[in-house]
Amino acid sequence: MKILVGISKSPDTTSKIAFTDNNSKFDENGVQYIVNPYDEWYALVRALELKETVGGTVTIVTVGSASDEAVIRKALAIGADEAVRIDADPKDAYYTAMQIADYAKSNGFDLVLTGKETIQYNGSQVGGMIAEALDMPFVSLATKLDVDGSTLKLEKEYLGGIQSVEVALPAVVSCAKGMAEQRIPNMRGIMAARTKPLTVVPAAQVEDLTSFTGYTTPPAKSSVKLISPDNMDELVSLLHNEAKVI
Amino acid sequence: MSVLVYINSNHGIGKNAFETVTYGKKLGDVTVVTNGNIDDASLAKLGEYGASKILVDKALTDPDDQQLTRLIANAAEQVGANTIVFSHDHIAKNIAPRLSVRLKAGLVSGAIALPDGDGTIKVNVFSGKAFGSVKVNTTKKIISLLPNSIQPENVGGNASIEAFSGNVGEAKVKVLSTKQPEGDIPLPEAELVVSAGRGLKGPENWGIVEDLAKALGAATACSRPVSDIGWRPHHEHVGQTGIAIRPNLYIAAGISGAIQHLAGVNGSKVIVVINTDAEAPFFKAADYGVVGDAFEVLPRLTEAIKKFKASN
Numbered sequence: 001m002k003i004l005v006g007i008s009k010s011p012d013t014t015s016k017i018a019f020t021d022n023n024s025k026f027d028e029n030g031v032q033y034i035v036n037p038y039d040e041w042y043a044l045v046r047a048l049e050l051k052e053t054v055g056g057t058v059t060i061v062t063v064g065s066a067s068d069e070a071v072i073r074k075a076l077a078i079g080a081d082e083a084v085r086i087d088a089d090p091k092d093a094y095y096t097a098m099q100i101a102d103y104a105k106s107n108g109f110d111l112v113l114t115g116k117e118t119i120q121y122n123g124s125q126v127g128g129m130i131a132e133a134l135d136m137p138f139v140s141l142a143t144k145l146d147v148d149g150s151t152l153k154l155e156k157e158y159l160g161g162i163q164s165v166e167v168a169l170p171a172v173v174s175c176a177k178g179m180a181e182q183r184i185p186n187m188r189g190i191m192a193a194r195t196k197p198l199t200v201v202p203a204a205q206v207e208d209l210t211s212f213t214g215y216t217t218p219p220a221k222s223s224v225k226l227i228s229p230d231n232m233d234e235l236v237s238l239l240h241n242e243a244k245v246i
Numbered sequence: 001m002s003v004l005v006y007i008n009s010n011h012g013i014g015k016n017a018f019e020t021v022t023y024g025k026k027l028g029d030v031t032v033v034t035n036g037n038i039d040d041a042s043l044a045k046l047g048e049y050g051a052s053k054i055l056v057d058k059a060l061t062d063p064d065d066q067q068l069t070r071l072i073a074n075a076a077e078q079v080g081a082n083t084i085v086f087s088h089d090h091i092a093k094n095i096a097p098r099l100s101v102r103l104k105a106g107l108v109s110g111a112i113a114l115p116d117g118d119g120t121i122k123v124n125v126f127s128g129k130a131f132g133s134v135k136v137n138t139t140k141k142i143i144s145l146l147p148n149s150i151q152p153e154n155v156g157g158n159a160s161i162e163a164f165s166g167n168v169g170e171a172k173v174k175v176l177s178t179k180q181p182e183g184d185i186p187l188p189e190a191e192l193v194v195s196a197g198r199g200l201k202g203p204e205n206w207g208i209v210e211d212l213a214k215a216l217g218a219a220t221a222c223s224r225p226v227s228d229i230g231w232r233p234h235h236e237h238v239g240q241t242g243i244a245i246r247p248n249l250y251i252a253a254g255i256s257g258a259i260q261h262l263a264g265v266n267g268s269k270v271i272v273v274i275n276t277d278a279e280a281p282f283f284k285a286a287d288y289g290v291v292g293d294a295f296e297v298l299p300r301l302t303e304a305i306k307k308f309k310a311s312n
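Residue numbers (my numbering), protein chains in the order written: chain A, 1 to 246; chain B, 1 to 312.
In short, the hints are calculated from the structure, not lab data. Just to be clear, a hint being listed does not mean it is correct.
Unchecked claim - No farther apart than 25 Å at their CA atoms in a straight line, the calculated lysine to aspartate or glutamate pairs in the DMTMM-like style are these: (1) 244(A) - 62(B); (2) 140(B) - 135(A); (3) 129(B) - 89(A); (4) 45(B) - 62(B); (5) 104(B) - 87(A); (6) 144(A) - 189(B); (7) 51(A) - 82(A); (8) 153(A) - 62(B); (9) 172(B) - 146(A); (10) 269(B) - 233(A); (11) 225(A) - 293(B); (12) 172(B) - 189(B); (13) 221(A) - 277(B); (14) 284(B) - 27(A); (15) 179(B) - 191(B).
With the sequences and hints as input, model every part of the structure.
Shown next, in the form of structure tokens:
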């Protein structure tokens with residue numbers, strides 16, 4: 001089975017979130033980048049597990065600049081066979097998805113996996129967009145994924161519950177928690193990653209449909225109001241009269 | 001301006017639907033498109049919140065993503081809609097991106113407000129740690145609205161209900177079964193949430209959490225370690241890798257408040273933290289704090305809520 005996993009870089013979850021250039025750009029000063037956790041822990045690791053059970057190849061693809069190659073090598077160290085970097089600034093979800101779809105179309109994959117969203121944009125857009133561009137079915141927010149011949153059996157998050165579905169390959173799936181456990185790359189993996197193929201391909205001509213014009217951060221919380229554990233009536237009265245939430 | 005609002009009516013029509021129609025009404029003349037086994041009396045309610053027309057395909061009960069995309073695209077064409085609004089739920093995350101590509105319409109995902117004066121729309125980014133303003137570069141746009149972002153307004157209108165069939169083709173994704181928590185309030189839609197963490201020491205102690213949730217009419221949630229060790233189901237896990245919620249009130253007991261947990265709840269309007277450790281980082285993100293033992297505080301709070309409800 002030929003599996004393509006779309007990965008994105010994300011700021012480490014403990015990064016300070018600040019903006020620069022008159023609040024129009026994310027301030028990358030001192031920020032460590034990681035593989036977006038949904039792409040890595042769930043999509044990539046499940047792809048590797050499938051390869052280990054049914055055979056095949058796992059290719060990772062990202063849209064980004066040369067500076068993203070450290071993040072790509074990390075994904076290779078976890079176990080992907082090869083990496084592809086589409087050489088472009090990922091302007092918006094549509095732009096990114098069309099680049100990946102373009103690559104997937106000309107190389108033919110049975111299964112395309114993405115994380116359910118990135119932890120910086122939380123858009124949940126790229127997977128579904130790739131699916132539409134490839135005219136493939138899309139299963140979003142999958143928490144379980146098994147292959148039975150040419151059929152995928154999946155569980156997915158569904159309005160506060162779980163839905164079981166099946167779909168014939170080829171298909172696109174976005175992956176959420178539950179699908180696999182995080183894998184820490186070992187020394188052999190890290191060494192092997194250095195020599196695995198990383199192909200750079202030029203970007204396709206695509207326009208972007210949206211753009212971020214600016215960012216704001218929520219106003220700082222005023223300090224916490226402490227209530228005695230013996231006086232829950234006071235807490236209830238504050239929630240009713242002051243916070244007006246009950 | 002013609003606005004198309006997609007409503008998921010699989011489990012009745014509720015608050016999220018009213019919010020989405022209210023949002024659409026502020027932008028223009030609202031047509032609703034929906035599908036599935038839903039009675040006209042429930043659909044008529046959408047008229048009270050501002051829908052002027054409702055297109056319903058009752059035969060389409062378990063559509064897959066491609067069928068639903070076609071249904072909505074066809075409805076948008078029929079009414080000449082240049083704006084399509086979704087509630088940002090699991091279905092929108094499945095469909096809206098497809099529709100964006102099909103119609104070449106810029107998608108604003110996770111909107112939290114109406115468009116600003118310059119036409120940009122605010123969305124949640126960085127897992128709730130910031131807001132971004134999104135400009136749509138296309139004439140057609142799709143907006144996926146985060147629940148609890150707008151107050152539903154009953155404007156007392158009437159909607160015409162029309163049968164609609166979208167010529168949607170065959171389903172490729174087959175639904176085998178759907179499990180939903182019986183009688184519970186779905187966590188993503190809940191206005192009030194009671195959550196607990198490792199501080200509760202074991203799954204057998206969740207009774208005091210459920211009692212408080214019941215007294216309040218709240219949904220229950222939990223922290224990551226608690227769902228990882230199987231004390232509570234995964235769908236209750238809120239945080240960076242679980243689900244992000246933005247209820248009006250989030251009560252957290254025995255949760256220290258790691259940054260990954262905060263990422264899932266910092267959109268909450270009011271946060272109450274109960275923890276024995278006065279140094280727990282969660283207190284910094286809280287509006288109200290109780291330094292005390294959850295095993296004593298939760299039952300007391302439940303009693304206080306009951307007393308309050310009885311007298312109000």
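Status of the hints after comparison with the structure:
| no. | hint | in the structure |
| --- | --- | --- |
| 1 | 244(A) - 62(B) | violated (39 Å) |
| 2 | 140(B) - 135(A) | holds (21 Å) |
| 3 | 129(B) - 89(A) | holds (23 Å) |
| 4 | 45(B) - 62(B) | holds (23 Å) |
| 5 | 104(B) - 87(A) | holds (23 Å) |
| 6 | 144(A) - 189(B) | holds (23 Å) |
| 7 | 51(A) - 82(A) | holds (13 Å) |
| 8 | 153(A) - 62(B) | holds (17 Å) |
| 9 | 172(B) - 146(A) | holds (17 Å) |
| 10 | 269(B) - 233(A) | holds (21 Å) |
| 11 | 225(A) - 293(B) | holds (17 Å) |
| 12 | 172(B) - 189(B) | violated (29 Å) |
| 13 | 221(A) - 277(B) | holds (20 Å) |
| 14 | 284(B) - 27(A) | holds (24 Å) |
| 15 | 179(B) - 191(B) | holds (22 Å) |
Of the numbered hints given earlier, the model fails hints 1, 12; all others are met.
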